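Novice: Assemble chain B onto chain A, guided by the hints.
Each chain is listed here by its residues.
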Amino acid sequence: MGTTIVKRHGSSFKDKMYLSAIFGGMKTTLKNFTTNINNIDALPTQCYPEQLPQDITSRYRGVHRLTSRDDGSIACVACYMCATACPAGCINILAEDREDGVDEKMPKVFNIDLLECVFCGYCVEACPCDAIRMDSGIFSLIAQSREEFVYDKEKLLSIKGAYGNENSVKDSFQNRENSKNKTNSGETHEH
Amino acid sequence: MHELMLLLPFVLTLLLTLATVPILVWMERRIAGLIQHRPGPNRCNIGGFRLAGIIQSVADMMKLVFKEERLPKHITNHLYFLMAPGLAFVAAFLSFMVIPFADDITISSYTYSIQALPVDLGILWILAFAGLGVYGIILGGWASHSKYAILGAMRASAQVISYEVAMGLSIVSMVLTYGSIDLNSMVVFQSQTFLGFIPAWGIVIQPLAAIIFIVTAFAETNRAPFDAAEGESEIVAGYHTEYGAMKFGLFFVAEYIAMAASGALIVTMLLGGYQLPWIGTQDLINHLDVVIMILLVVIPLFSVIFLRWMHKNNTLDASGIRETKVYTKIIIAKTVLFELFLLYGLLTPLDVTSTAVGVMVLQIGIFTAKLFMLHFIFVWVRWTVLRFRYDQTLDLGWNILLPLSIANVIVTAIVIVAFNL
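Just so you know, the sequences run in chain order A and B.
Under the working numbering, the first residue of the first sequence carries the number -2, and numbering increases by one thereafter.
Under the working numbering, the first residue of the second sequence carries the number 763, and numbering increases by one thereafter.
Bound conformation, chain A alone:
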């Protein structure tokens, strides 16, 4: 029941001759060769520096960037979650007190050594504030020296996201919640 007996190949005289199978394969490859040589432009190969890839999705893990709050200040609270999650140990954070009252802490230094980074995306998943993302869409990373591959806080903040949703989603959400609560409480107070 439910068993199919598969016919075994290789025992007939034709199979043992090898040659018919080899000629069949050669026919296929010759067909590939002639169709391709007659129309080289139809090859699926992209001529990379001239033709840029068009199929990079919003989930592609490109170069990291740091997001901002709605007021333009840095969203990162220097909690070290990303540096802890990083398997390559390429994130270097130094925290300082935040004086403007928006939050308690912010990074003084936030360096990512992109030569050590393995682009696994664990930092993005670990971040509680949606402060680090890899949605820049940058797939090609070029520099003249090793030092230039270490991206600092300003550089990471200056990279823009390629797929909308520019600021930290967490921060926007919290602001919306806060303002809603405020208006609600105001209304009740009036009544």
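I should point out that these hints are in silico values taken from the structure, not numbers from a laboratory.
All values reported here derive from a predicted model rather than from experimental measurement.
Hints are all accurate, no fakes.
According to the in silico footprint, chain A covers these stretches of chain B (three or more CB under 8 Å from chain A):
1. 791 to 799
2. 1139 to 1152
What follows is a set of in silico ranges between Cβ atoms, one per label pair, in the way DEER data are often shown:
3. Met824(B) <-> Pro46(A): 20 to 26 Å
4. Lys11(A) <-> Ile1139(B): 21 to 27 Å
5. Pro46(A) <-> Lys1096(B): 29 to 35 Å
6. Met824(B) <-> Val3(A): 50 to 56 Å
Where a beta carbon is used, it is the ideal one built from N, C-alpha and C, also for glycine.
Specialist: Structure of chain B alone, referenced to chain A:
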């Protein structure tokens, strides 16, 4: 003229072996690419001229030449280690030297044979040096003092021993058919017809020996599907694991020269050598004007087809590459010059010497065209057929090809004796 005619075969040998290696590497990579739906090397250029990618193989060779020559520390016998690639190279090169590129030519009562070595023991010479080629591999593997290298060398030697026997026997049956071991008389024999209308090419009158010979020739060159000696998947790179820079380059070149030698031997013994089917040397000499007229029509036709193809396909829009216009001019100029030359040959009455030289040039062209067709087939097979497993290789050699070739020798001998051919 005398010195020129004596030197010509040497120059041709060099051209068809050493000088074609970059072209063969280019052919290999380009054909492999097109078979696998990718373009192959198409970027490397000198001043915007890519020559369809041939510049890439020149660049690769330059890289190999200028790379640092490293000798691994564990190698004790430097002489053998350094000698091995040279041996492989020289053996492959020498076996090419008895191939006739054109029929014997008589100029002012002196007969020149267009072979680099004008000897009449052709087949024996080729068997000797085709077998010697593997000594370079064995020596390289042994002197490398490394397990992978020795495994590769062992595989190569076992393979060559088992295929040399079948190859020798298939050659014996062909020697019986042609009644000579001289390669040029074999080619002359093949300009006859068989059963009245079929050209008596070796592949037609000895089909079984032809198949065995082609298979063993593939095995002899250590190319796919018989390249277990350098099986990357299990023994790194086989016998040339420890070699780098131009020492590896020599092994690499030797493989392509061995391919050229095998191809030339297949052309000479099985595909009528420098002859066209049905047309012998004497026919060509008698009707050279007809041949020139055909060429006058065919060459512009080919140029037009090629130009149309180039304008359609040579369209890579990279910076600094604007070569199609220049190529078009060069090809048109070449075609016009060639046409004028042929017209001159057609209109002026040719004396005996220039007719003979014209036929010789034509035959060299035919031989080269056939050789490059064989190169295409070598590359085509390499990128189609999978590598045989090592035990399957030996099984095929000893259990199938050897009995078949012995049977073929016996049948051929019986037929020749019975019909008193």
